[in-house]
Amino acid sequence: MIVSLARAYGGSLCVRRKLWSNPGNLSDWVATEIGISREEFGERLHTIKRAAGLKPRDRVTIWSDGDITSAADDDDLLGNVHDED
Amino acid sequence: MKTESPTTFAAIRFTGDALEPQRITEIVHTAPTTAYRKGQVYKRSRGREVRGRTGVWLLSSKGHVQSSDLNEHLSYLLRILFPIGSNDASSLRDILRAEHLEADVPVFWYGPTGAHPPMIRDDIRAVFARLPAQIEEDFHEAA
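Those protein sequences? They're chains A and B, same order as listed. Under my numbering, the first residue of the first sequence is numbered 191, with each subsequent residue one higher. Under my numbering, the first residue of the second sequence is numbered 136, with each subsequent residue one higher.
None of these hints come from the bench; they were simulated from the model. Accuracy of the hints is not assured; some may be wrong.
[Claimed, not checked] Below, computed lysine-lysine pairings styled on DSS-like, alpha-carbon distance capped at 30 Å:
1) Lys245(A) <-> Lys178(B)
2) Lys208(A) <-> Lys178(B)
3) Lys173(B) <-> Lys197(B)
4) Lys173(B) <-> Lys208(A)
5) Lys173(B) <-> Lys245(A)
Generate coordinates for the entire structure from the input sequences, incorporating the hints supplied.
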């Protein structure tokens, strides 16, 4: 319920929002939303996918708190870009 | 932080549900950067726990090679897989076949605006193809 409300109000209750789960190259704003440079974001996402056994072109879901989950399962955590510095 | 020179690194990775990381370590005589069995909980950089979806053994050139030339990173991995005087990858090929494992080579490159993505040398591609291990490119250019 809280999560639904937060999402309805654009995540203003500091609950994480789904930023990206599309195929193809990420837009710059995804890295901006998370608060790191595009270069760092690309490098960290590569490292997380690589460690999870995924290929660069495999889809994942990116959350506003930096969590990266499987594209097929929001609860299947692969890592968090803030952990990879 | 943006960099003026490209950021690049490469890894050799073995994956599969039946993968036993220790067996790969024994063959290549090198400790992996990351390794776990399917279903095993492994830790990311800050201790966050993640459950392995399949078995993984990977060795990254990051931290071992300082060059911005991707081919030098790939050459480092080849020196691990094929030490001087050894042209034989039969032990690795045997375990890949017997355990139904896959090998690949994820490579990362991020270059400044206008930089040309790297060209991977044909002789390097050919050696990885002998495992076989496909090179998986993840190339980006600054906007």
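Are Lys208(A) and Lys178(B) close enough, with their CA atoms no more than 30 Å apart? Distance of about 24 Å is within 30 Å: holds.
Please work out if Lys245(A) and Lys178(B) have their alpha carbons no farther apart than 30 Å. holds (20 Å)
Hinted pair Lys173(B) and Lys208(A), Cα distance within 30 Å: holds (27 Å)
Can the restraint linking Lys173(B) and Lys197(B) be considered satisfied, given a maximum Cα separation of 30 Å? holds (24 Å)
For the pair supplied as a hint, Lys173(B) and Lys245(A), confirm whether the alpha-carbon distance does not exceed 30 Å. holds (17 Å)
In the structure shown, no violation is registered for any of the earlier numbered hints.
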